[in-house]
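Got two chains here, each in a separate frame; can you build the complex from them with the hints?
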Amino acid sequence: DAKTTQPTSMDCAEGRAANLPCNHSTISGNEYVYWYRQIHSQGPQYIIHGLKNNETNEMASLIITEDRKSSTLILPHATLRDTAVYYCIVRVLSTGTASKLTFGTGTRLQVTL
Amino acid sequence: GAVVSQHPSWVICKSGTSVKIECRSLDFQATTMFWYRQFPKQSLMLMATSNEGSKATYEQGVEKDKFLINHASLTLSTLTVTSAHPEDSSFYICSARASGRGEQYFGPGTRLTVT
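Sequence order for the protein chains is W and Y. Numbering follows the numbering used here, with no gaps: position 84 of the first sequence is 1458. Numbering follows the numbering used here, with no gaps: position 43 of the second sequence is 45.
For reference, chain Y alone in the conformation it holds in the complex (with noise of 0.2 angstroms):
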């Protein structure tokens, strides 16, 4: 149990477009999702925490306009990064709180390579 899903595993995008990461918990409903973003090398950094239904809460330094999260449903939020740029490049990790639970599950990364 406690499964989280996350599409694509890697991506490759151009400077300048547009790409979205989708996070799925496939078998629990989640009231609240993560975004973190992993550098080489580096630990996880929290970018968002967002609720069902609500708009997302970004950490200090994120750029609201530039990452976009969508938590549309209890089994679904997306990240979307726009205007992409080779800085962007990163593993990005979604995590999934079970309904009126504490614990917190992740989800395998998707790799983004901005060339």
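Next comes chain W alone, as it looks inside the complex (with noise of 0.2 angstroms):
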């Protein structure tokens, strides 16, 4: 799977947009990016993925660049319940054995008031 680069940590104040950045300029065209957040001494908790397109649900967006080496997550209104470690994971989608999530060091980000 593809390495991926993020900023070590970021600030966001409550209601603003929390904008994450992600590089994966190695990332194949078979794989996607995936986004799964970490709140302290939970499990990490699935957000969002893509392959080309932009994405929403109702938790956030992903706006994934034309060349797909970089993407940005992106919490319209964060809130405090939003501070967490946020990681960005390329992966292939397949069932088989070898496809796995494989973390790295993320982003903390961390909501004020």
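Because the hints were derived from the structure by calculation, they are not lab data. Be a bit skeptical, because a hint or two may be false.
[Said to hold, decoys possible] Straight-line Cα separation of at most 30 angstroms, DSS-like style, residue types lysine-lysine; simulated pairs: (1) W:K1377 <-> Y:K57; (2) Y:K66 <-> W:K1474; (3) Y:K43 <-> W:K1474.
[What the hints assert, rightly or not] One side only, chain W facing chain Y, incomplete, derived with CB under 7 angstroms: (4) G1389; (5) Q1416; (6) K1474; (7) L1475; (8) F1477; (9) T1479.
Please read these numbers as outputs of a predicted model, since none were measured by experiment. Where is the CB? At the ideal position from N, CA and C, for every residue including glycine.
This is how it looks when you write it as structure tokens:
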């Protein structure tokens, strides 16, 4: 799976949009971009994933650049409960044993009042 | 949907004893389950991958005789930490992948403390 690069930490004011970048310059054509987050002392929570089109769900939006070498996760109105470590992961979407989620260091997002 | 549970949520055991952690997929069948370990202020590290009815595949550096994994059914996998030592104290997280699908869903984690 392709490696990803994320900033170590970010701050965001409550109510503002949080934009979390991720670089994945070696992504292959069949690899998806996944975002998970982990709130302190809990298991990771799935947020969103995409291949090449922008995606939106009730939690967030995912913007993938046209060359697919980077993406941005957008939390439109951050709240204190969004404080967590956010992981950007690139992987092939398959049911094979070799297709597994490998976590990097992620971005620690701190939402403040 | 896609709920994964773990039991216990936390456990304290004495050095030299064994402890078993259960991982269950509550509303779906999981052909493949994954076990991760997370030390304080670090990221999740994959320990092993198991398919129902097969032997687990361990990541490099993970002792298969120490971390016994059993995936006997499509909804249950267990991780047994044998002869636990203080350095095994960690946050253990399981993940399950639904049959025929690529998404992984995570359990809430089990905090193991070995004294």
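Open item on the list: Hint by hint, where does the structure go against what was stated? Just the numbers, ascending.
Closed with: As far as the earlier hints go, only 4 is violated by this structure.
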